[in-house]
Each structure stands twice: as structure tokens, then as C-alpha cells.
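Chemist: Each chain is listed here by its residues.
Number of protein chains: 2
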Amino acid sequence: MEKINIEEKILSKNIKKADALRELFKEKGVFVLNLVSSPGSGKTSILESTLTGLKDKYNIGVIEGDLQTDNDAKRIRKLGIKAHQINTGGACHLEASGIEKSLEQFDLDNMDLLIIENVGNLVCPSSFDLGEDCKVVVISTTEGDDKPAKYPSMIRVSSALIINKTDLLEHVDFNTEECIKYAKGIQPDLKIFQTSCKTGEGIKHWSSWLAEAIESKRKS
Amino acid sequence: MEKINIEEKILSKNIKKADALRELFKEKGVFVLNLVSSPGSGKTSILESTLTGLKDKYNIGVIEGDLQTDNDAKRIRKLGIKAHQINTGGACHLEASGIEKSLEQFDLDNMDLLIIENVGNLVCPSSFDLGEDCKVVVISTTEGDDKPAKYPSMIRVSSALIINKTDLLEHVDFNTEECIKYAKGIQPDLKIFQTSCKTGEGIKHWSSWLAEAIESKRKS
Chain A
1 MEKINIEEKI
11 LSKNIKKADA
21 LRELFKEKGV
31 FVLNLVSSPG
41 SGKTSILEST
51 LTGLKDKYNI
61 GVIEGDLQTD
71 NDAKRIRKLG
81 IKAHQINTGG
91 ACHLEASGIE
101 KSLEQFDLDN
111 MDLLIIENVG
121 NLVCPSSFDL
131 GEDCKVVVIS
141 TTEGDDKPAK
151 YPSMIRVSSA
161 LIINKTDLLE
171 HVDFNTEECI
181 KYAKGIQPDL
191 KIFQTSCKTG
201 EGIKHWSSWL
211 AEAIESKRKS
Chain B
1 MEKINIEEKI
11 LSKNIKKADA
21 LRELFKEKGV
31 FVLNLVSSPG
41 SGKTSILEST
51 LTGLKDKYNI
61 GVIEGDLQTD
71 NDAKRIRKLG
81 IKAHQINTGG
91 ACHLEASGIE
101 KSLEQFDLDN
111 MDLLIIENVG
121 NLVCPSSFDL
131 GEDCKVVVIS
141 TTEGDDKPAK
151 YPSMIRVSSA
161 LIINKTDLLE
171 HVDFNTEECI
181 KYAKGIQPDL
191 KIFQTSCKTG
201 EGIKHWSSWL
211 AEAIESKRKS
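Line order of the protein sequences matches chains A and B. Residue numbering for the first sequence follows this note's numbering, beginning at 1 and increasing consecutively. Residue numbering for the second sequence follows this note's numbering, beginning at 1 and increasing consecutively.
Do not take every clue at face value.
If several chains are the same, the list does not tell them apart, and a pair holds so long as it fits within one copy or across any two.
Unchecked claim - Once the Cα atoms are required to be at most 35 Å apart in a straight line, the calculated DSBU-like pairs of lysine-lysine come out as:
| hint | residue 1 | residue 2 |
| --- | --- | --- |
| 1 | K101 | K13 |
| 2 | K55 | K9 |
| 3 | K181 | K101 |
| 4 | K26 | K219 |
| 5 | K74 | K191 |
| 6 | K181 | K82 |
| 7 | K181 | K78 |
| 8 | K204 | K101 |
| 9 | K198 | K184 |
| 10 | K217 | K78 |
| 11 | K181 | K198 |
Think of the hints as simulated: they come from the structure by calculation, not from any bench. Source: prediction; values computed, not measured.
Based on the sequences and whatever the hints tell you, model everything.
Modeler: See the structure below:
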């Protein structure tokens, strides 16, 4: 019981901070996306493909979360986009307090889109609200079509699922329909995208959805 | 500080239980492997390939850890091997107390090898000792060669690294030498295996290593 109480305390402290961040993002008209997945599902590659198409139209910032290395922030900076790397050390997820601190690096008054690429982990980041407008979860075709069933908590809190690495479909045992069925069984409103960063499949469709969300936040 | 103290308390309670399990496994001469990886790296497929070759020679039991579903236990049972599924609900790793409870399902007096397939998570299971003889970490070629650098804590506690899905090497950007270099930089004694459950590459080599470990535990 002690463990559960402490966990609740940590989560409730995080929610308060996340709510304050959400207010701030609303005031500034910044759309905030929390991108989550297993390690190696292709989150950074998706960002590279997506942001290349959006960076001339919108002011974008990226926060990268990893236990170690600033590999991902470096990749984003190569696109000419501001990226801040959080190294969690041993921690398995990002928390709202870390995001709050990172915001010192950005000019929110001149920002349309903030993307938070979470630590690669299909479990823990589902419990930590970062003040985002939505979570988007990436599952790659090499991970198996039963992943939504095995990791339902992440599907439950996500607004969209990107099934990535469709270029590898012919080489792996992955039934896309089954994957979508599992996911929609948990979250019927889940928006589904199918992408490949190698062939470019689906990137425009996904980018349009993101652009609409940015526009909608700007107007509100 | 409170959070850290409570974490330490949980970990120290877990270590005590894990030490007791280790004593029990030693007394019974059971070699215990804790298999860890990201979701979808192919842990269950590796077990299917490996145990098919070992099941006639050794008495084997498998504990499967997942948030939800008993898909993996069902796959193992199809081989005629006893498997017990632990569903953690929301929890991101297995703990020694859960293993202790699962052992009621097995006859340790007539067992040579117990494999614990942990929850798919490249972070949290690194902190939880389950009384095992060793942790073996699986990274698949689709996850990117920098994973050891990004998730060093798991490499640090592992005795062996299995680089899986080598059949996909020609379709992905994965530099095997780089991956091994990163991993050995963290844990110089790490034993490396390269496997494909599709072509069978490396399965014999890995199985021989496991068989030697079982024999060595029996004799000790």
C-alpha cells in the first residue's frame, strides 16, 4: 500500500505541474505533441520526415528525452530546428517538471509546435502527463501486431497510432488489420496512420493531420 | 528525496527476496535466465527456437511477464513446455515477489532451466534482480545500432547481448560492429550472439552457451 500511495503522490504532483503547463501552452497558442513508443520504433526518423515539410510554415521546437546521449537532438538540429536534449540518467520517462525546466530554452511567444519525444518505453510514459495536447504512439511493423493488446495503457491515453516501417511489411509477420483491431478495441477513437520514412508512405497524411491540429490551436 | 528513499526501499526489499530465490535455485541446481528487451525484439521467438533444441535434454520451465494477454505463455506451451503467465496489469517490470509466487506452479526438484521472459522494456527491468544467474538482453536489428549507448543501464547488468533479426540486416540501417562497440564500451565482458529466428542463424551457438551454463550449474 505504501508503494501505491507514494506513486499516487508522485503522479498527482506531476498532474498539477502538467495542468499549469497546459494553461501556459494554451495562452501561447502552442500545440504540444508527446510522441511515445518502444525504443527504436522510429520516432526520430518520423520527426525528421515530418518536420522537413512543416518547418518553413511553422515555428517548431523539439524536446528529446533519452537516458543517455544527445544523438536525437543532434539529428533534429541538422534540420535547422531548435532541439533540447533531456538526459534522464536512469529514469524511464519524462516528467512535467523536466519539461518546465526545458522551456527556458525556447521562445514560446514565437512557437507554433512543440514536440516532446519521450524516452523509448511503451509502459511508463503513459502515466505521466506533460501538459501536451495529445499523445501519439508509434508501433513499428517489426514489433508484432499484438503490441496494442499487450501494452493497452499506452493505447488508452493516445489520440493517434502511427504504424511505422511499412516498407518492411513484406519481410515480417505483421497483420496490419489485426494490429488496428486490437488498438481500436481499446481506444475506438484512435486515429490511425501508416508510415514509412524510407519510401515516404503516409508522411503527408500524418503531416496534414498535425498541421490541422496546429492551426486549430492557433485559432482557439 | 522522498521519492529516491522509497525507490531504495522497494529495491532493497526486492534484493532480499531475490537473494533468497538465488539460494533456492542454487540448492535445486536450476539455472535461471532473465531475458530482457524492448517490446517486439523477438524474445519469445528466440525461446521457441532455442527450447525446441533443448527440451529433450533438459527439464525446462518458463515464466512469461506481460502487462496483459497470455499470448506468449500459449506459444511456449505449444512446445510441450510448462509456462506460467504473470500479467502485471500496469507494472513495467517483474519483481522477485512475483517470481516467488509463480514458483508454486513448478517442480524445482525436477527442473534444470528456468527462463523468465520479462516485460518488454529496456529500462525498468534492469533495476530488479529476480534471483537469476544472469540477464541476457536482446536488441533487434530494426531498433538501431545506438541502443546500447542510449540504454546503458540494461547493458551494464547483462551477461550477454543477442542481436536478433539478422535476416533483416539488408533492409535496415544497422551497423552491427557499431552496436557491439557501444555495448562492449559499457560492459567489456559481454558475450555477443547474432541470431535470426527466420533463418536459424546463430541459434545453435547461443543454445550451446545456454546448455553449458545449465551443465555448469548442475555440477556446482
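Chemist: Next, verify each hint and record whether it holds.
Modeler: Going down the list of hints, with the structure as the test:
no. : hint         : in the structure
1   : K101 to K13  : both (15 Å within a copy, 33 Å between copies)
2   : K55 to K9    : neither (39 Å within a copy, 47 Å between copies)
3   : K181 to K101 : between (39 Å within a copy, 34 Å between copies)
4   : K26 to K219  : within (11 Å within a copy, 66 Å between copies)
5   : K74 to K191  : both (30 Å within a copy, 31 Å between copies)
6   : K181 to K82  : between (37 Å within a copy, 30 Å between copies)
7   : K181 to K78  : between (37 Å within a copy, 25 Å between copies)
8   : K204 to K101 : within (33 Å within a copy, 50 Å between copies)
9   : K198 to K184 : both (26 Å within a copy, 30 Å between copies)
10  : K217 to K78  : within (27 Å within a copy, 52 Å between copies)
11  : K181 to K198 : both (25 Å within a copy, 26 Å between copies)
Consistency with the previously given hints fails for number 2 only.
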